[in-house]
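**Student:** Protein chains in written order, with our numbering: chain L, 766 to 1233; chain H, 766 to 1233.
By construction, these hints were calculated from the structure, which means they are not laboratory data.
Be aware that a few hints might be false.
To be verified - Okay, the calculated beta carbon distance ranges per label pair:
| # | chain 1 | residue 1 | chain 2 | residue 2 | range |
| --- | --- | --- | --- | --- | --- |
| 1 | L | Tyr-840 | H | Val-1155 | 44 to 50 Å |
| 2 | H | Lys-890 | L | His-810 | 22 to 28 Å |
| 3 | L | Tyr-1023 | H | Pro-802 | 30 to 36 Å |
| 4 | L | Tyr-1023 | H | Ala-854 | 43 to 49 Å |
| 5 | L | Lys-890 | H | Glu-1088 | 41 to 47 Å |
Predicted, not measured: the structure shown is a model, and the values here were computed from it.
Think of the CB as a built atom: it goes at the ideal place given N, C-alpha and C, for glycine as much as any other residue.
There are 2 protein chains.
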Amino acid sequence: MLSYDLSRGKGPLYQKLYQHIKQDILQGKLSSGEKLPSKRMLAKHMGVSTITVENAYDQLMGEGYVYALPKKGYYVANLSDVGKIRPPAPADLHIQVPEKREEWRFDFSSNRTEPENFPFSIWAKLMRETISVKERELLQVPFCGGVLELRQAIAGHLSSFRGMAVDPNQIIVGAGTEYLYGLLIQLLGRDKVYCVENPGYDKVPKIYESNGATCVYAAMDREGIVVDDLRCQMAQVAHVSPTHHFPTGITMPASRRYELLAWANEVEERYIIEDDYDSEFRLKGKPIPPLFAIDACEKVIYMNTFSKSLTSTIRISYMVLPEHLAKAFYQKLSFYACTVPTFEQYTLAAFIRRGYFEKHINRMRLHYGRMRTRIMEIIDRTFLPGECRVMENDSGLHFVLELATKMSDREMEEHLREQGIKMKALTDFQMTGEAKNGHQFILNYSNMDVEGLEEALLCIRKLLEQET
Amino acid sequence: MLSYDLSRGKGPLYQKLYQHIKQDILQGKLSSGEKLPSKRMLAKHMGVSTITVENAYDQLMGEGYVYALPKKGYYVANLSDVGKIRPPAPADLHIQVPEKREEWRFDFSSNRTEPENFPFSIWAKLMRETISVKERELLQVPFCGGVLELRQAIAGHLSSFRGMAVDPNQIIVGAGTEYLYGLLIQLLGRDKVYCVENPGYDKVPKIYESNGATCVYAAMDREGIVVDDLRCQMAQVAHVSPTHHFPTGITMPASRRYELLAWANEVEERYIIEDDYDSEFRLKGKPIPPLFAIDACEKVIYMNTFSKSLTSTIRISYMVLPEHLAKAFYQKLSFYACTVPTFEQYTLAAFIRRGYFEKHINRMRLHYGRMRTRIMEIIDRTFLPGECRVMENDSGLHFVLELATKMSDREMEEHLREQGIKMKALTDFQMTGEAKNGHQFILNYSNMDVEGLEEALLCIRKLLEQET
C-alpha cells in the first residue's frame, strides 16, 4: 500500500497526497496500468478522510496521470500518452493588475459594506432550499427581464417600502447597476446628452463616456442638482440621487423634485434617472417619496441595487422603467439574456418574500444608527468647539465633516496620507469647474473601524493645532 | 389556542395558516397587542411542523400584521397603523412581454441544451460545499476580472483542452458573452469597423449595432470567412467562429486560419475575435488548434462560455485577451465590478479543478455521438437516396440537411410551420446580399426529441413527394 508522510510541507493534505503520487508515477515507482488502492482503503491506511483521497485522485485524473474504470477502480495512466499530448503549462506574463485594496491605518473613504453584517446563515439556508426545491426552475432559461418570482417580490418591496406602484414587467433585473446603465444607454440612445451631478459619484460619467455617450455636468446647490444648469448644459437625461447624494449627503426637498419633473416635461425626449442606491438606510425623519412615485408622465427611470443593502458580492440590481420605455425595452433589447443566474434570483426572491430582507434592513438601520451615535460622541469629545462641524441629514451611510483649517484640501489629504489615514474631500469629486465646498471631508462609516476612530481624529486635530 | 382547519383549500400549509390568522386579525378576533402562541406550541397544537408556523409568522410580519419582540414572542400589530401606511397595490399595466417559448410539434431550430443533462447533483454538492467552506471568500469583493481560483482553473482547462498557454490575468470572466462583447467594444473602441460572418449568428450584429459600433458583413466560402472580403469591407475587427461556424457547420482549415492571421497582421489596429462557443463537442477527427494558440502577434481575442457546455442558466463566460489588451483592459475598464456572483465562480472553479467539467464534457460527447448516430440512421431509413444529403463535419451540436426540392426555402418553412414543425434554412441567416446556399436546413440536436424525429422527417418527405 502507498505510504507517504503528509505531515511535512505546506498546503492542504490532498495537495500533498496528489504531489506524492504524481511523483511516484513520474519516477516510475507506480507503473502504467497499475491499480491504485480504493479511496476508502487508502484513506484508512493513511489516517486521512476519504474526501482528501478523492480530491487527490480527482486532480490526478484531471491532469491525465490516473484514469478510472467504472466499478473497478483507479489505474495509473500510460505516461507515454500523457507525454505526447502534454499540454502547455499555463503562461505567466506578469501582467500588472490593479491592486486589490490599499493598506491604510484608517480609511474614511471606503464605502464597502461589512461582510459580517450579511445574514449569511439565513442566505445559506435559502440557497440550500432553492437547490432542493427549485431544481427544475433553476435550469429553465429565465425571461430577459429576470425571474418573475423575483420581480414580483421586488414590486412588493417597492410598494411597502417606497410607496411605488409598479408592475413586475416594468422591472428589469441585471448584474449590477453598471451593467444596467449600459442597457439604458442602448435603450435611450447614445446620441442623448446625459447629465450627472457635480460634484458626484465619479464612476457614473466614466460609464457614460466608456459607452460613447455625451456626458455633461450640472452644478449642485443646497437642495440638489440646479435645474437651470440642466438647461444651460442642454441636458436630455438627468442622472440624480435625490434620496442621498454622494458626496454632499443632500436629500432633495420636495420643491426641487417637482421643479426637476417640470424640467423633464418641458420637452418630450427628456428623462430622469433616479439612483436610489442607499435609500434603505435613512435613519430618521419623514421619508420623502421617490421621484418615480410622484411622476405622472413616465419620465423617471428608477434604479436600485442589493449590492449596497445586502452584500457587494451579490450582483443583483434592478431598474424600473416607465410603461412606454418598458415596452420599448422588450421590443429593442429582449434579445439579451438576463445576466443574473437563476439561482441567485430565486434565493433573493425567497429572502424578500419571507420577510428576511425587511428584517435585515431594520437590523442594519439600528446597527448604523448606533454606530453613528458613537461616532458623533467620539467627534464631540475629540475636537474643541469651532474646530469642526458635522454636516448630516440622517440619511445614508456617510456624512460630511467640515474642518476649520486654512490648508488646502490636497494639503490636508497629503498630511493625513503620510500618517496612513485616507480621507477624501468633497472637492475630489468635483468633475469640472471650480470647487466651492472647501474643507469638507467625507466620512463613510458603513465599515468603519470605530475602535480606531479616536486615534485617527486626534491626528486630524493635531494638524489643525499646528496651524495656529 | 388558535385552531384552524388546514385540510381544506389549496396551496401550501403555511399559506393557509397565514390566511386564517390574517383574517382573524382583520376581523378583530385577534386584537392589537395580543400575544400569539409560540411557534413550537402552535405547531404542536395544530400538528404541523415548526417551519410551517415560522413561514406563516414571517409573512404576517412582512406585511405588518404581526410584530416580534426579541425573547418575548409574537404580537398582533396595531392595525390602525397598518391602515395609515398602507402601501399602494402593485400596478398591473398589462405590458406585453416577449413570449417565453413557442409551442411546436417538432422544433429543429432550438439550440438549448437539455436541462436533464446538467449534472445537477454534483453541482448542488459543490454549491453546498462552497457555502460551508468559502463563507469568508464569498463576501469578499472579487477582482474585476473574476475570482483568481476560477481564472486559474480556466487556464488549466484551456491548456489541457485547447493547447492554449494562458496567464490567468489574461482571462476576464463576465455574465455571458453578450456582456463581454459590450466590454470588448468599449476596449477596442466603437469607432472600429466590426465584421461578422455572413451567413452567421444573428445576435452578434445586433449587439454591435445596439452598442453603436459599425458592423459589416463578409461572405463565407467552403473554408470559412473570405479574407479578401474582409479587405473589401474595410473591416478592422473580424468576428469569427472557426471551430464550428453557425449555421453552415464549417470548420476552418489551418490554411485559412493562417491567411486570417496574416490579414490581421497587415495593419496594426486589426483584431480577430474567436468565438469558440461549442468547441467542447467536436465528436471525432483531429482537433485543429484555435487561432489563439497559433497567434504569435497578440491579434486574437478568445471567447468561450459555460452556458453551452453546462447549462444556459449559468451565466458565466470568459474572454482571453492578448497581453497588451489585458493591460489596456486593466487600465481603462477595471472600474467595472465583475458581473458574476462570487458564489457561482467558486462553485465552477471547484467543478473544473476536481475534474467534473472534463467528465461532464466526455459524457456529453458520448451522449451526443450516440444521438447523432441514431439521427443519421433515422434519416437514412426515412428518405430515399437522392432526396436529401447530410452535410456534416463531426463538430458541434448541429448539422445541415440539404433537400432535393424546387420549393423556395420560405415555402418549405411555411408548409412545415402549418404542420407544427419549425425548421430554419441557412438562407434565414443571410444578413445581407443574395443567399447562395438554398435548400439547406439546420438541424440542431442538442435537445432534439429523437422519438418524434421520424414523424417530423416523414412530413418533410411527403412535401418532397408532392412536388414530383
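**Student:** Indicate, hint by hint, whether the structure satisfies it.
**Tutor:** So, going through the hints one by one against the coordinates:
1. L/Tyr-840 with H/Val-1155: 44 to 50 Å: 38 Å, violated
2. H/Lys-890 with L/His-810: 22 to 28 Å: Between H/Lys-890 and L/His-810, where Cβ atoms are some 25 Å apart, the hint holds.
3. L/Tyr-1023 with H/Pro-802: 30 to 36 Å: 49 Å, violated
4. L/Tyr-1023 with H/Ala-854: 43 to 49 Å: 25 Å, violated
5. L/Lys-890 with H/Glu-1088: 41 to 47 Å: 44 Å, holds
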